[in-house]
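**Student:** Knowing the structure of chain A, use the given hints to seat chain B on it.
Chains A and B are the protein sequences, given in the same order. Each residue of the first sequence is one higher than the last, beginning at 860 in our numbering. Each residue of the second sequence is one higher than the last, beginning at 29 in our numbering.
It is possible that part of the hints are untrue.
[Unchecked claim] These stretches of chain A come out as covered by chain B in the derived footprint (C-beta under 8 Å, 3 or more residues):
id, segment
1, 883-897
2, 902-915
3, 934-944
4, 958-966
5, 1017-1025
[Said to hold, decoys possible] The calculated BS3-like cross-link candidates involving lysine-lysine, where the alpha carbons are at most 30 Å apart (straight line), are:
id, chain 1, residue 1, chain 2, residue 2
6, A, K1026, A, K887
7, A, K1039, A, K887
8, A, K1028, B, K424
9, A, K1028, B, K498
10, A, K1039, A, K974
11, A, K1026, B, K498
12, A, K1039, A, K989
13, B, K498, B, K424
14, B, K424, A, K1026
15, A, K887, A, K974
16, A, K974, A, K989
Don't read these hints as lab results, they were simulated from the structure. Note that this is a predicted model, so its numbers are computed, not measured. Idealized CB from N, CA, C, for every residue including glycine.
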Amino acid sequence: MGKLEIDLAAPLLDGPRESDFLRLQPGKITELVGETGAGLTRIGLSLLAEPSRSGPVVVVDTRGWISPEAAWETGVEAESLVIVRCHERPLWSRVTAALIEGVPAVFAEVPVGMKDQDLRRLGALARARKTLVAFRPMGPRLPAGVSHLRLRSLGITWEGADRGHGKLKGRRILLEASGKGAGGITRRFEVEDGGRKIEQVEDESKNPLRLVSDVVADQARRAAG
Amino acid sequence: MWSLTRPDAPQDKPLLVVDDRVTAATPEVLEAGVTLGMPRREAEALAPFATVLTRDVGEEARRFEAVIEVIEALIPRVEVVEPGLLFVPVGGAVRFYGGEDIIAMKVAEGIAGYGEALVGIADGPFAARWAAARSAVGDPVIVEDTLRFLRSLDLETLREGVASDSLIATFRWLGISTLGDLAGFPRDALATRFGHEGVLAHKLASGEDRNALPREIADELSVEMEFEDPLEHVDAVAFAARNISERMLQRLRSNGVAPHQVSILAQPALGEARERIWRSADPFTERALTDRVWWQLRAWVEAGGVPGGITRIRIAPFDLSGDGRQLGIFGDEAARIEAERALARAQSLLGPDGVLEGRPQGGRMPAERVAWSRWNESAAEIERDPGAPWPGSTPKPSPALVPPRLRPLEVEWDDGMPSRVRLGTRWEPVLTWSGPWRLSGRWWAGERDADRYQIVTSAGALLCVVANGKSYLAGVYD
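Okay, chain A solo, but in the shape it has when bound (with noise of 0.2 Å):
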């Protein structure tokens, strides 16, 4: 539960897989790009599930609605997960390399307005330190240089709900991969979050991948016990 699987119909091309997008590289910051709805907060959480399992992880929250119930959905574990709840501007990167510095996972919003000095700062903290990083910026991409691969969400589409009738179960977001991290192509693929298989729906670099997707699990593993 909660985690995202590759299911290989043919060989791979050289260059990364589309799983490894989706997968926290040591010291390699990701950068998730997209607007509020667009479905990247449960994606960035996603991301901790893993490094949960072995460790703490923390999520620096600039708004204070992040919900670790979406969390916890996405497989991070209830006991690993802390969350730091960061308004002020002049604090957060202080606080966030503190971070860095000392736990092995953080996803972070980054509040509008960051100078670009301080954030290659961060980055340069997190490949000294090897640190799992997702940086969610809230108002203009990273600076140059500072992700290594970044995800952008072109697009959302829910299913589930029919005017009145049914519930949200699932949805699909399209995912345009770019940067070193993507193999210096820009490359698009389909996230399904809500267990089923679906075709990759445009493939710029033909590979022919089927993306396998429980972010959403049915129920959260810690409530359950």
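**Tutor:** Quick look at chain B alone, frame taken from chain A:
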């Protein structure tokens, strides 16, 4: 029962020796229902007639040293568990002496002058310990079929191996009275219900005693202290014991391991070095290790075993079995400390409410289903059972963004159906929606009923609450 041999114990009186739990008792006290390992208060209630003595382990260790030396002269590699209880691997000795019965008799005869010696031989320390308990003075018990022997043991014997009263009580409640009953249960089921303790209990009941897997211990894990002025006084020895124990465990923690056995070596100013192995069923904690080192050094100093004082102490861990690995929730201990330091730093910058932990709890709205607490403080009390059904709760998936309080939301309605939502400065058309789901308020608390909708727009999906004709934002499915 080594505690009962203390010189200050009154003769011919029922005795109860305790620390937090019963460590020894005379037969009259045991007949009253007291068992070893029983909590002190319970034992005192069952045997109010007994004279209660507080255990002095250091003194017991000193007196026990003579017994160890006798056994060590017969069989090497003695493992001391506590004063009064030791294990000896007899595989090699059987070949040397020609039989288990001969060894048992030699041991019993050798230590007969120091008190009532009980000797048992079986496969594994747990079974051997209970074989000894079933023996009589001068009549050792040699178990041929260890599995069968274990299955006949009462569940109470697990108290020493598992040390969980609640686990034993639960087993009894389930109708399990012997280790044989317990061994009949599937291990998977016990693991699911009772976790590591359940598995450990099942292993012991099934004859799979702690499997010591000696590993190559890097030299740097051993700790050594040298003293220019030999230590001759117990105060100085106590200080050294604490110091060296802390140093060794710090090194082990950074490797994520903890020892089941330690070798304590003391080099006297005159004569040959003394070495002793101490063992524990559970991995040594700092307190436990400090105690053992202190008891051992004190015993040597007070018994004159280190002539001229101690000039060098060396502690080496040499059994870091898999069970000894203390990988807690944060896995590696050094990483945990580092993470705690980072979180404490963040908390010092943001204040105590800036660093939070959440625990799942029951509730019908997303904001209700998280019990928040400050990091590094006691966990929040769960007010509502998360395992309860909670009819009417908002379905999963849960919104990833939940405002601390409901926020006003402008929704345009068309014949009772949402048609547009104002997000910031723009109006977004509603693509589809689900609901309404009725949320019945607690009328006695002045709450009114409300309706909930999941509204999908091209900018994302929202959880909306409509109450008193007004719309509120309760979550964003981001």
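**Student:** With reference to the structure, classify each hint as holding or not holding.
**Tutor:** Evaluation of the provided hints:
no.	hint	result
1	883-897	holds (count 4)
2	902-915	holds (count 4)
3	934-944	holds (count 9)
4	958-966	holds (count 5)
5	1017-1025	holds (count 8)
6	A/K1026 - A/K887	37 Å, violated
7	A/K1039 - A/K887	10 Å, holds
8	A/K1028 - B/K424	7 Å, holds
9	A/K1028 - B/K498	26 Å, holds
10	A/K1039 - A/K974	23 Å, holds
11	A/K1026 - B/K498	22 Å, holds
12	A/K1039 - A/K989	17 Å, holds
13	B/K498 - B/K424	24 Å, holds
14	B/K424 - A/K1026	9 Å, holds
15	A/K887 - A/K974	19 Å, holds
16	A/K974 - A/K989	22 Å, holds
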